[in-house]
Amino acid sequence: MKLTQGQFSFLPDLSDDDIRVQAQYAIDKGWAVSVEWTDDPHPRNTYWEMWGHPMFDNPDAAAVVYEVNECRKAHGGKYIRVIAFDSTPGWESIRMSFIVNRPAEEPGFRVVRQEAEGRVIRYTIESYAVRQPEGARYA
Amino acid sequence: MNNTETEMRPETARPQTVDLAAAYQASGVRDVLDELDRTMIGLGPVKQRIKETAALLLVDKARREMGLAVETPTLHMSFTGNPGTGKTTVALKMADLLHRLGYVRKGHLVTVTRDDLVGQYIGHTAPKTKEALKKAMGGVLFIDEAYYLHRPENERDYGQEAIEILLQVMENNRDDLVVILAGYADRMDRFYSANPGFRSRIAHHIEFPDYTDEELARIAEVMLSEQNYALDDGARSAMAEYIALRRAQPHFANARSIRNALDRARLRQANRLFSTAATPLDAAALSTITEADIRASRVFRGGLDTDRKRAME
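Line by line, the protein sequences give chains A and B.
With numbering that gives the first Met the number 0 applied, the first sequence covers 0 to 138.
With numbering that gives the first Met the number 0 applied, the second sequence covers 0 to 312.
Simulated from the structure, these hints should not be mistaken for laboratory data.
Wrong hints could be hidden among the right ones.
With a Cα cut of at most 27 Å, we get these calculated DSSO-like pairs of lysine-lysine [stated by the list, open to error]:
#1 129(B) to 72(A)
#2 92(B) to 72(A)
#3 129(B) to 92(B)
#4 60(B) to 127(B)
#5 28(A) to 105(B)
#6 127(B) to 28(A)
#7 129(B) to 105(B)
Quick list of simulated restraints, FRET-style, between CB atoms [to be verified]:
#8 120(B) to 112(A): 50 to 60 Å
#9 17(B) to 134(A): 51 to 61 Å
#10 186(B) to 91(A): 41 to 51 Å
A few chain B residues that don't get close to chain A, going by computed Cβ distances all over 10 Å [claimed, not checked]:
#11 29
#12 60
#13 86
#14 134
#15 263
#16 269
Virtual Cβ for every residue (Gly too), placed ideally from N, Cα, C.
The task is simple: from the sequences and hints, build the whole structure.
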């Protein structure tokens, strides 16, 4: 099951050139671009691990592609995303976020039904991947 | 990650002929070269080398458009010469030139020295060097006094780590940035013989000659006119004498010495106007540097007192 979070996630995987163009758009807008990775694909897992500092003063997106490739060397089998942070007053938030690397095998999510008082059923989703301990997921 | 899309894209029609003169005009290279000729005094061999390099890059670009060449040529350069011979200024122009020819995307110049690349403790160097390299991507990285990176007397110096990262990025990210190493000629030669990797990765070695006395005099005039000052006739001959004397003294740094001398002359001129002139001053008086302003320099009395003492001992 292909994980669909952030932008462009219903499109085919982005090539390095695509990443460069998108990151350059963010840089030209004055947003700080950074690279993050995780092995917990739950949609509510907002804060991924940072790969280096956010790039506040790099005028060219080649640096972003370089860092993405460095991150792939260390965490090639996990999810890697590029985010762009807008620091202008009133925003101070993420403006762009897209996945640039995903595991070869994405097992997807299962639904867990919890029987509560009376006839209430509570639903939750859980990735099959997180059954393994952190660091041992996605082989 | 995958380049299938670019590979599948249909081949665009390649031009059959190329008009070099038109490409020369359209790229704006001519403006940069003209500006270089106009604003930089002297430096004949440097200008010649830059013109040759521009011609090579223009032809290479045309060849690539016709599908004759595919590799990005090696553009890393080495500027050697004494202090104050215009290495940084020419590097700025070079960045502009490469940008107009389309070899770098942004054309900005990032100037760094050893301090910006080498860290102070283990594990500090690599992030620092990579940070500087990332900042320079899309432009030109200018490493001033590059030989300080290599400290042969200390084999555990972190400079070696910075050199290894530099070499790796210079090789793998040739499309993304151009590295220019600069420094004194003799020490750069020693640096290259200790790091053969650098010599083979640098295609263009450009030597900056010292300025002659006449060229320095012209530079002085240009520097002053840029700030709306002028020398009178007495000051002009005093300046010529000053240049000849200053060259013989220690720590002579070509155009930089001249700039400092002129800054001090302006200071003396301001003091003179303040203490002597009582009448209303016109613009000419405010912008003229006289012989007295130049002759008051310590250079005419044999340089700094400390240097003179050292010479006597």
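Hints, verified against the model:
A C-alpha spacing of about 16 Å is found between residue 129(B) and residue 72(A), which places the hinted pair at or below 27 Å, so the restraint holds. A C-alpha spacing of about 37 Å is found between residue 92(B) and residue 72(A), which places the hinted pair above 27 Å, so the restraint is violated. For the hint pairing residue 129(B) with residue 92(B), the CA-to-CA distance comes to about 25 Å; that is within 27 Å, so the pair holds. Restraint check for residue 60(B) and residue 127(B): the C-alpha separation of about 34 Å exceeds 27 Å, so the hint is violated.
At most 27 Å may separate the alpha-carbon atoms for a hinted pair to count; residue 28(A) and residue 105(B) meet this at roughly 15 Å. Proximity of residue 127(B) to residue 28(A) is assessed by CA-CA distance (about 26 Å); at most 27 Å being required, the pair is judged to hold. The straight-line distance between the Cα atoms of residue 129(B) and residue 105(B) is roughly 18 Å, inside the 27 Å bound, and the hint therefore holds. Checked against the hint of 50 to 60 Å, the C-beta distance between residue 120(B) and residue 112(A) comes to roughly 54 Å, which is consistent with it.
For residue 17(B) and residue 134(A), the Cβ-Cβ distance of about 56 Å falls inside the hinted range of 51 to 61 Å, so the restraint holds. Roughly 49 Å separates the CB atoms of residue 186(B) and residue 91(A), a value that falls within the hinted 41 to 51 Å. The claim that residue 29(B) is not at the interface with chain A holds, since no C-beta of that chain comes within 10 Å of its own (minimum 26 Å). Every C-beta of chain A lies more than 10 Å from that of residue 60(B), the closest at about 19 Å, which supports listing it as non-interface.
Against chain A, the non-interface label of residue 86(B) holds: every CB pair exceeds 10 Å, the least being about 23 Å. At roughly 6 Å, the least C-beta separation between residue 134(B) and chain A is not larger than 10 Å, which violates its mark as non-interface. Every beta carbon of chain A lies more than 10 Å from that of residue 263(B), the smallest distance being close to 36 Å; the non-interface claim holds. Listed as outside the interface, residue 269(B) is consistent with that label: its C-beta sits roughly 38 Å from the nearest C-beta of chain A, beyond the 10 Å cut-off.
Checked against the numbered hints listed earlier, the structure breaks hints 2, 4, 14; every other hint is satisfied.
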